[in-house]
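Take a look at the letters that make up each chain.
Protein chains: 6
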Amino acid sequence: MPSVFLEEIDAQSYASYVSRTDSTVIIPTGATEQHGPHMPLGVDAMLSKAIAGQLAQRTGALVAPVFSYGYKSQPRSGGGNHRVGTTSLGASTLISKIEEVAASFMAQGFKNVVVLNGHFENYQFLYEGLDKAVASSLQAGSTSRAVLMSYWDFVDEQTLEQVFPEGFLGWDIEHGGVLETSLMLLLHPELVRMDRVVDHPPAELTSYDVFPEDPARTPASGCLSSARNATAARGQLLLDAVTSALGAALGQELNLSSQMVEVE
Amino acid sequence: MPSVFLEEIDAQSYASYVSRTDSTVIIPTGATEQHGPHMPLGVDAMLSKAIAGQLAQRTGALVAPVFSYGYKSQPRSGGGNHRVGTTSLGASTLISKIEEVAASFMAQGFKNVVVLNGHFENYQFLYEGLDKAVASSLQAGSTSRAVLMSYWDFVDEQTLEQVFPEGFLGWDIEHGGVLETSLMLLLHPELVRMDRVVDHPPAELTSYDVFPEDPARTPASGCLSSARNATAARGQLLLDAVTSALGAALGQELNLSSQMVEVE
Amino acid sequence: MPSVFLEEIDAQSYASYVSRTDSTVIIPTGATEQHGPHMPLGVDAMLSKAIAGQLAQRTGALVAPVFSYGYKSQPRSGGGNHRVGTTSLGASTLISKIEEVAASFMAQGFKNVVVLNGHFENYQFLYEGLDKAVASSLQAGSTSRAVLMSYWDFVDEQTLEQVFPEGFLGWDIEHGGVLETSLMLLLHPELVRMDRVVDHPPAELTSYDVFPEDPARTPASGCLSSARNATAARGQLLLDAVTSALGAALGQELNLSSQMVEVE
Amino acid sequence: MPSVFLEEIDAQSYASYVSRTDSTVIIPTGATEQHGPHMPLGVDAMLSKAIAGQLAQRTGALVAPVFSYGYKSQPRSGGGNHRVGTTSLGASTLISKIEEVAASFMAQGFKNVVVLNGHFENYQFLYEGLDKAVASSLQAGSTSRAVLMSYWDFVDEQTLEQVFPEGFLGWDIEHGGVLETSLMLLLHPELVRMDRVVDHPPAELTSYDVFPEDPARTPASGCLSSARNATAARGQLLLDAVTSALGAALGQELNLSSQMVEVE
Amino acid sequence: MPSVFLEEIDAQSYASYVSRTDSTVIIPTGATEQHGPHMPLGVDAMLSKAIAGQLAQRTGALVAPVFSYGYKSQPRSGGGNHRVGTTSLGASTLISKIEEVAASFMAQGFKNVVVLNGHFENYQFLYEGLDKAVASSLQAGSTSRAVLMSYWDFVDEQTLEQVFPEGFLGWDIEHGGVLETSLMLLLHPELVRMDRVVDHPPAELTSYDVFPEDPARTPASGCLSSARNATAARGQLLLDAVTSALGAALGQELNLSSQMVEVE
Amino acid sequence: MPSVFLEEIDAQSYASYVSRTDSTVIIPTGATEQHGPHMPLGVDAMLSKAIAGQLAQRTGALVAPVFSYGYKSQPRSGGGNHRVGTTSLGASTLISKIEEVAASFMAQGFKNVVVLNGHFENYQFLYEGLDKAVASSLQAGSTSRAVLMSYWDFVDEQTLEQVFPEGFLGWDIEHGGVLETSLMLLLHPELVRMDRVVDHPPAELTSYDVFPEDPARTPASGCLSSARNATAARGQLLLDAVTSALGAALGQELNLSSQMVEVE
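Those sequence lines, one after another, are chains A, V, E, X, S and P. The UniProt record's numbering puts the last residue of the first sequence at 264; the count rises by one with no breaks. The UniProt record's numbering puts the last residue of the second sequence at 264; the count rises by one with no breaks. The UniProt record's numbering puts the last residue of the third sequence at 264; the count rises by one with no breaks. The UniProt record's numbering puts the last residue of the fourth sequence at 264; the count rises by one with no breaks. The UniProt record's numbering puts the last residue of the fifth sequence at 264; the count rises by one with no breaks. The UniProt record's numbering puts the last residue of the sixth sequence at 264; the count rises by one with no breaks.
For reference, chain A alone in the conformation it holds in the complex (with noise of 0.2 angstroms):
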């Protein structure tokens, strides 16, 4: 297999894959949504697209096309949906598209449909749409199984307390943050900009919402915290973490023997 991208894979070489007993795809989801003066709108469909890249390696799986647009952004994880530079979807319109990408995979044949989620506000709605996607397929015979999954769920806290030693404040006010930031360090470097990371401090969120949103509510600079303490290295922590308790899951779950895909 020339690629685990299935974008660059030819139908013949498709048809082959999936009709292994334990064919996978994993479906990044992202957002376009703006992560502050110091990174691209990208982030959250670059990184969970590198992350899904990593896991496919590990697992012999497929990844489809990324998500790169998500839900609305919300103030209290991602600064707000009113931003320039952010361009969201609705509730209904990502439910339906995650609903119908995953049942076609299934239709298709792949016996499992993972959707690694990289944007926080992404993941009520699909898990609506898996829940639909995978009640149809059931009742048309089909034995596929789905898991749903957000990256940061994946780090452990041997790793938080490497990557953030000053202390971890909670994964709501991590946008445009260290661990954000650290990855791009390591996978996009040219698109990080670290001399226009900000440097106030995290962003006191309430414990609930108000609309219509209250701008003054969020950090002008659109980060929730600041990513001063980013490197690349930090970054390469991340990614071994979580690539690796993600693919242990899927490994247990979905009984995955993680041998490499080879190309035919």
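It is worth saying that the hints were derived from the structure and are not from the lab. Owing to the predicted nature of the structure, the values given are computational and were not obtained by experimental measurement. Using N, Cα and C, we set each Cβ at its ideal position, and we do this for glycine too.
Covered stretches of chain V, as calculated for chain E (at least 3 residues, CB under 8 angstroms):
1) 40–51
2) 59–68
3) 97–103
4) 185–198
Computed list of chain P residues with no C-beta within reach of chain S, every gap over 12 angstroms:
5) SER3
6) GLN12
7) VAL18
8) GLY109
9) GLN158
10) GLU166
11) ASP195
12) HIS200
13) PRO201
14) ASP240
With the C-beta cut set under 8 angstroms, the calculated list includes, among others, these residues of chain A facing chain P:
15) ASP10
16) ALA11
17) PRO37
18) THR93
19) SER96
20) SER104
Could you slot chains V, E, X, S and P onto chain A? The hints should help.
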């Protein structure tokens, strides 16, 4: 005003209230969901309605009829939607329902619409519905605002330590546990059977979801942790803490004067 | 069984009940709607829930949480949706809600789903939702059945003459009139203020609808006829007649044994 | 104007008409539904179109293309949707269709949109669609109005007595009965075969609906009463009464001048 | 069978026909759309219905009620949806309508459903609706098939040369041109006013679409080319060629025996 | 501006660009679809993205993340949706997606939204979505405009003759043929395997569609014509012709100054 519950108020009293400059309606949202062998299916609706009632007393608001049906129960927070006793709505229906109800209240003249959530899985769908309702209202010239809050997000650290002297393990395993049972012992003691409380260790939840759901993943009891330490006294601590913090947040956010609603 | 209302029942008792060969759930549906100056907004929900409770006692059924919000009030039967105090759902939401709730009960094993309607305008939308739910269930192999009924359709001629000795003018003008007020005087007397009952002649309704609604078309009181002749005694006559006739219909249609539900 | 039917009018004549201050379009709505062995499937569409044509002549209105497909036939008014020959739309499609068509006419400049219904089951769904169309038009600045009417609601008592000298038993059993057959004998005699008219007693309809439908509940003939007393003369009485009353209602409600439309 | 148009057939004759092993229903689809100053708004519906009628005679099929409203007129094929006289459906409604109507015919037992399109813009939406209807029917065990065809795609080269001896410039500019006008002169001559035919050069259409539509982009006449060379004789050539080719395609594809439908 | 692809741009640079009076975003739309044994599944997305990039360089526009999933592949233009390797969206999802993305860009301040289509079957659904997005934006006071174009519609006659010296047989059979293969040889040569190019005659396509699809109708290879004459040089001819013509059309239609976007 003879009651804070608007189903018990006549249209004239209601109209008089709505014309106030700080008219506020609180919409409690729950679910119909199994809560173990010791509590009834309506826990989420009962608790959100009761807390909304107390919050309304504090802030001079009215309470709308509770949403008795919620989004699908998920294994990582409620045991799962496959369990007998759990009857849920899909995403689209819940989104439309809150959108239409909130928009109607704003169109009738309410200055503030507060959604008080009592079922974890509802949150993102309530968010989408409120976002759409407020966007439409804004376009139609309304200046009404909306707030979305889940009551457990307002339990402070000190109360947590008092209620969970043995150590707090996270909201995700509180389904059917000490929090909900203590509140029910306080508010609806006749519906709790402490002799049936389970005594198994907290559920070890995965950091991902699998479709179709694997029933073996969560305890057969339907509780994600034991409620054996629940007491009405702890329920009182929780209720006081939550209503106080909710009231403070609304007071600050919406400039509510906190005067009591008077019978006309 | 400690209660016929399933929100008050635990999951184990519920599961035990559902496994019966005649397990039946009654879903009461009402509205949040102005009912004149003398009655509260929740009349339709309260009455359908109360009648469902009595019907459940008779037939050994359970009662699901009431639908508190209904389809838009229409001028020819409820005064109109423009009135302050009336908060409604659109057709699509109501259809989806009953479809999903009914389908869920059938999937859990209920042999019979009964929808007991208490708001005139709901009927056709409940019909559509039930029709879709049963069609899906049939296709999935279920043999469950559903029944849709509005309670006033079960008042017999003799009772009509007793309740309306002055002459019965039709159900369409009974919004806020003798029927509903008598039942409320019987079931929730503390929520009725007979000193505020209007005393105008019955509304003269057109035989067509106009959009946008013309508020001048229906009485400013919100009542389509006067409730001055309402009494709790008439409420008892109505309640007895209705529950008896409903029970007979269900007994014949669904072969319900009418034995009382026992506490386990 | 060469015709009142707008499908037969050219765009220039149409544009000229729409610019009038009382421009009115009547949309007839029917169904494709079995009407017993003696009448064709298109009765509802044919009658609503014909009556709309006569009403247009009276009021100076135009007639839009008829809706040939209607909401599902129901056992209590049309025999049921399971019968061969009955092809129906679901609620959502019918609502969207009338909403879009009515909104388009209002956007093009019609001052009045009249929906003339000829299939009982359509009414509530037409109501919802018109309600949404007019709400949108209002928000876009339009002052157009809409009226919804079913033609049989305009038969007066005196006509009823003349048409049903044997006694009138209610509109619900008139499916395939004297009303529709008489009108068809007048308007489309070549499509009626009186030698095939059934002669069974009126159907005894239940006061509730059952799902799935029980075909044994309604007569195998598909008629809910016998049309043996139908005559073209009675059809003429009905047509005169209905068009006269409809015209009077529109004249009063919409201030139509009732001048005849002239060919330009 | 007294007629090939099923609205003119009674339910018994219909049922008898449907039980045939080659039962076929043709659904003609048109639009309500301006066709220049010389032709009426109903051209697309009239032509598709008339051609469907002739095709039914040839193939022993029945014709369903025509879809009188179509998808939005587009500037590159029909002048544009902004023109007065053009009343259209959105994509969702048209998709749902054909899906429900086609699925209903298949459920009733038709072996073949043919959609004969007469409005260019409809095609892709009819495709989606048929695709969904057939997928559902397959899943429910049906073996019915569907065919989608636009009548102008069946004009052969030789006929084109005869009808357009001056040179054929493409179907896209035929809106209100020689094709449609010739067919109307043949089939509905009383609705064509050749004295009003425009005489401007063919519209020069762009190879892209612009939103909002620019009315200056297409001729003010509403015709994309002149119909001055239209004649009933050319209409006959077209009608013969089209019905012959359509019949041949259906005969081959669906194994229709082409025997004429007989009156029972 | 460091890149024309907005996923690679930070929010500040993006905001600065959007405030220009000619700010333009190009949304490329493709599909995930088999393209024969010699090309990968992502051809449509890759080509539309690459052409959009070149067009952006010419016109000073930005390029939004490509739509990697498109409408169902159809037999008459892409081989059909039943083929392994083809994963598609339904009409409703694609319509909603382009509607929401385009509306978001307009709300953020883009003066022009250009959709550059690279998958034939997408066009009508993109049209509907753009039509709705622009209608909403207009109603909200925006003056933004949108353009919809498919790149192959901009190949001029002269280029056609150079690229197809053997004769051009129509765009419909170019799926996996000379056009796409030549462009891929130019833009992504590492993903093309010319040794696997099929050498069968062009597919003979029917002038209608059949449901369910008949796989025997199109070549087993998945290509509708042979790409044996494809070369990178022909790809260059096509790319130059297309970007030049697209640029000219946008320049004229949108008054784009065609100055290059500068890095800030």
